[in-house]
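Q: Here is how the chains run, residue by residue.
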Amino acid sequence: MTATPAKVPETADEPAPGPAPTSTPAKVPHGHKRLLTRRDRLTLGLMAGVPTILHVALVWLTALASIALAFTTWNGIGFDSIQWVGLQNFRELFTSNPQFWPAVEHNVVWFVVLILLPTPFGLFLAVQLDKRIRFSRVYQTAFFLPVVVSMAVIGFVWQLVYNPDTGLINSLIGANKPGHYIDWIGDPDLNLWAILVAASWRHAGYMMILYLAGLKGVDPALREASALDGAGEWQTFKNVVFPTLRPTNTVVLVVTIIEALRAFDLVFVFNKGAQGTELLSILVTNNIIGESSRIGYGSAIAVVLLVISLAVIIPYLIATFRKERRA
Amino acid sequence: MSTVAGAHKQRTPIRPARVLLHTFLVVTALAWLAPLLWALLAAMRPYAETSEKGYVSWPDKLTFDNFTNAFQQSDMLHYFGTTLIVAVPAVLLTLLLSSMVAFYVSRFDFRVNLFLLLVFTAGNLLPQQVIITPLYRLYLLIDLPGITMSGKLYDSALGLVLIHVAFQSGFCAFVLSNYMRSLPHELTEAALVDGASVWRLYWQIVLPLCKPAMAALATLLSIWIYNDFFWAIVLISTGENMPITSALNNLSGQYFTDPNLVAAGALLTAIPTLIVYFVLQRQFVSGLTLGANKG
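First to last, the protein sequences are chains A and B.
According to UniProt numbering, the first sequence is numbered sequentially starting from 1.
According to UniProt numbering, the second sequence is numbered sequentially starting from 1.
It is worth saying that the hints were derived from the structure and are not from the lab.
Misleading hints may appear alongside valid ones.
[To be verified] Chain B side only, calculated, beta carbon under 10 Å to chain A, not exhaustive:
hint: 1; residue: L92
hint: 2; residue: W199
hint: 3; residue: S237
hint: 4; residue: T238
hint: 5; residue: G239
hint: 6; residue: V262
hint: 7; residue: L267
[Stated by the list, open to error] Derived list of chain A stretches under chain B, where covered just means 3 residues or more per stretch with a C-beta under 8 Å from a C-beta of chain B:
hint: 8; region: 92 to 106
hint: 9; region: 109 to 119
hint: 10; region: 166 to 175
hint: 11; region: 179 to 193
hint: 12; region: 226 to 232
hint: 13; region: 270 to 276
Yeah, the Cβ is synthetic: ideal placement off N, Cα and C, and Gly gets one too.
Using the sequences plus the hints, can you model the full thing?
A: Structure, rendered in structure tokens:
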């Protein structure tokens, strides 16, 4: 790490723009290096190196290890017992695991629901709250409250709503008597949707805050011009405001995809990922702390999750950083 | 943030559209709070009463007994302690390490900077489950006799702190490097010319200027780490060593024997985050949007 700075070529030869005397290196960021002592370089190396080593060791090397382990079987006792099995884990996963495809489907449903319902609703709330109205702060606090509370607590709170015996919904509609039960938590046809209501409840507030920040960046003059042209509120939004929200929309899309892939806590608290609510994240975890500890097999599921995540993360980051470089 | 100049507000005539909007917002906001209020109501009613009259009934008696019972029976104070042992070092270390990386990346244009930032940010976006299997095995393999209670990285506060720091420093490095880049370059140039060391540059010049961003990130990190559920569920095996959010899962079966106690316990867990949120709302929201705005 400490060796790299020395090899960077000097780029101070470009002429400093303007009348500034060329003797000061102020305009040339690369000029820094010439002023550094050996001790400074060592300091810099440590400052960048220590966090990088920690991050790479715990996040990226483990991610690579997930990929490697996915092609093996291992019972976790000693390294000798690691056996290379090629694609067998994946073959088994794709063809004979009764939980895998439902889990993929549920992750997809999770994303589709979040992007179609709470996201536009969060945008709608943001647009309303952005209109210089009174008590805007109070409303924002209410909508944003679920985002602050942990997913685990949200799971417990919604259990009180959905509990078949004592829950709010069944008590209200009289479905809490034997024979009339609606089992929101156990019924595999219902439980995913019940959980998604809770997830959407939280997601809307999150999206509202992101859009509110985005709307602050919309030039008011644009809106005024549109209003002067006789455009109505909806037309102004559609033709002027929404197109300028493009960067926010990208962030929202990425955040929503990541949230859908990460979904775990809520389901785990709610019903431990029982039938109907299987998710990829739950399957991975069940192979660690669950009854069946199959390291290679669990890693194969993690690799599926990794591939989907990277397919989203990498293009997003490349686009983001490219824009930043230009700016 | 969005408050308007007072004089302006008073003179706006009452328009029907505005009344409709406020009605809509009040109703929706109440609906949004309803699940939490429902939990609060359940927590304040004695179990005997709700089991007799049902939960949808007019409350005869509202007390805080369930809260005190939940707090004492489960020894919640202990769990707040285990949470602090993890959260405080994790937040401080994350801020320290990520600000160092950000300083390096934003102030010294070494070739690796973009790549480094990319690695950190991408790592932070990965789902935690992608890395958990090898991480779990790694934590079991690392022996730390005498350093942690368990003698391993597994089942120790240290292990939790390390993964929090490693994982969260990605986001913070990204936000802080954007922030530091907006500081004028002349600032550090001048100090360097004067012969200040790199460390002084970082510690006495750049870092104090980053206070607003650091405050926002500290708020955000405190809440995130406090709310963490997954790492502790997998990487901690002794129930007593778990931070409060993860411990809730065990407690709800052991001590919180009726729904009213569960509600009280869950709400008690949420109280610290709510306090932080209400006191530092501005920091929290700006922290969340600092990263996103730059998209």
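Q: Confirm or reject each hint.
A: Now the hints, each set against the structure:
no. : hint       : in the structure
1   : L92        : violated (13 Å)
2   : W199       : holds (5 Å)
3   : S237       : holds (9 Å)
4   : T238       : violated (13 Å)
5   : G239       : violated (13 Å)
6   : V262       : holds (6 Å)
7   : L267       : holds (8 Å)
8   : 92 to 106  : violated (count 0)
9   : 109 to 119 : violated (count 0)
10  : 166 to 175 : holds (count 5)
11  : 179 to 193 : violated (count 0)
12  : 226 to 232 : violated (count 0)
13  : 270 to 276 : violated (count 0)
In summary, the structure is inconsistent with hints 1, 4, 5, 8, 9, 11, 12 and 13 from the numbered list given earlier, while agreeing with the others.
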